[in-house]
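> Sequence:
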Amino acid sequence: MLASKVFYAAMAAGIAFIVIGVASSIYTNTAVDVPLDNTVRPGMPDIITPDMNVGNTASIMVTGSTFNVKIEDPDKQVIKAESNVTSFSHELTAQKAGEYRIEIVNTGSSDVTVTGHTQTKSSPLGLTGALMLMITGVIVVGLGLRFRNN
Numbered sequence: 010m011l012a013s014k015v016f017y018a019a020m021a022a023g024i025a026f027i028v029i030g031v032a033s034s035i036y037t038n039t040a041v042d043v044p045l046d047n048t049v050r051p052g053m054p055d056i057i058t059p060d061m062n063v064g065n066t067a068s069i070m071v072t073g074s075t076f077n078v079k080i081e082d083p084d085k086q087v088i089k090a091e092s093n094v095t096s097f098s099h100e101l102t103a104q105k106a107g108e109y110r111i112e113i114v115n116t117g118s119s120d121v122t123v124t125g126h127t128q129t130k131s132s133p134l135g136l137t138g139a140l141m142l143m144i145t146g147v148i149v150v151g152l153g154l155r156f157r158n159n
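Add 9 to the 1-based position in the sequence shown for our numbering, that's all there is to it.
Honestly, the hints are just simulated from the structure, not real lab data.
Treat the hints loosely; a few may be bogus.
Stated by the list, open to error - Straight line, CA to CA, 27 Å or less: simulated DSSO-like cross-link-like pairs of lysine-lysine:
| hint | residue 1 | residue 2 |
| --- | --- | --- |
| 1 | K105 | K85 |
| 2 | K130 | K105 |
| 3 | K14 | K79 |
| 4 | K89 | K105 |
| 5 | K79 | K105 |
| 6 | K89 | K79 |
| 7 | K89 | K130 |
| 8 | K85 | K130 |
Unchecked claim - Simulated DEER-style distance windows between Cβ atoms:
| hint | residue 1 | residue 2 | range |
| --- | --- | --- | --- |
| 9 | M70 | G151 | 13 to 23 Å |
| 10 | L154 | V63 | 38 to 48 Å |
| 11 | N47 | Q104 | 18 to 28 Å |
| 12 | V94 | L134 | 14 to 24 Å |
| 13 | V87 | L152 | 13 to 23 Å |
| 14 | M141 | G64 | 42 to 52 Å |
| 15 | E100 | M141 | 30 to 40 Å |
| 16 | Q104 | G151 | 19 to 29 Å |
| 17 | V41 | T72 | 41 to 51 Å |
| 18 | V94 | A25 | 48 to 58 Å |
| 19 | T39 | Y17 | 17 to 27 Å |
| 20 | V63 | S98 | 16 to 26 Å |
| 21 | A25 | R155 | 44 to 54 Å |
For every residue, glycine included, the Cβ atom is placed at its ideal position computed from N, Cα and C.
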């Protein structure tokens with residue numbers, strides 16, 4: 010009787026681990042909308058590095074004290090750069106897949122406010138966790154099978 014309960018519990022847990030692992034691995038390649046809201050103190054930089062697929066978008070607005078802003082594509086080619094401005098707005102659509110770089114340096118004497126959002130992929134480390142979860146599920150199912158007819 011106990012072996013039967015262990016079998017069913019292990020099978021259910023193992024299958025759940027496998028399903029969650031598969032769903033998580035799919036999620037790692039799906040673009041996620043991330044807010045860019047931040048405040049940059051005088052003399053400080055803010056560097057945003059979204060990992061974008063072709064067609065993903067980013068919308069950024071910066072206001073406040075004077076600042077420099079530079080946006081680069083994954084090949085380090087400058088898309089847009091402005092210096093000593095007090096207001097900046099840009100809509101970016103990724104033309105290449107990879108990590109974009111948005112750098113804002115507050116050169117003024119008061120705070121700079123950054124608002125907007127970007128679409129970015131999950132961390133590659135997330136895929137490792139999902140694969141480990143699937144492997145754990147297979148191991149738990151295997152252990153559960155040992156209790157099948159005991």
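> Each hint: holds or not?
Results for each hint:
1. K105 - K85: holds (11 Å)
2. K130 - K105: Since the Cα atoms of K130 and K105 sit roughly 14 Å apart, the hinted pair holds (cutoff 27 Å).
3. K14 - K79: Measuring from Cα to Cα gives roughly 61 Å; hence the hint is violated.
4. K89 - K105: Given that 27 Å is the threshold and the Cα spacing comes to 15 Å, the pair holds.
5. K79 - K105: Holds, because 17 Å separates the two Cα atoms, which is no more than 27 Å.
6. K89 - K79: Since the Cα atoms of K89 and K79 sit roughly 6 Å apart, the hinted pair holds (cutoff 27 Å).
7. K89 - K130: holds (22 Å)
8. K85 - K130: holds (19 Å)
9. M70 - G151: 13 to 23 Å: Because 53 Å falls outside the window, the suggested range is violated.
10. L154 - V63: 38 to 48 Å: Check passed, 44 Å falls within 38 to 48 Å.
11. N47 - Q104: 18 to 28 Å: This hint holds: roughly 25 Å between Cβ atoms.
12. V94 - L134: 14 to 24 Å: Since V94 and L134 have Cβ atoms about 36 Å apart, the given range 14 to 24 Å is violated.
13. V87 - L152: 13 to 23 Å: violated (55 Å)
14. M141 - G64: 42 to 52 Å: violated (31 Å)
15. E100 - M141: 30 to 40 Å: Holds, since E100 and M141 (Cβ atoms, about 38 Å apart) stay within the stated range.
16. Q104 - G151: 19 to 29 Å: 47 Å Cβ-Cβ, so the 19 to 29 Å window is violated.
17. V41 - T72: 41 to 51 Å: violated (25 Å)
18. V94 - A25: 48 to 58 Å: Check passed, 52 Å falls within 48 to 58 Å.
19. T39 - Y17: 17 to 27 Å: Roughly 33 Å apart at Cβ, these two residues miss the hinted range, so it is violated.
20. V63 - S98: 16 to 26 Å: holds (23 Å)
21. A25 - R155: 44 to 54 Å: violated (19 Å)
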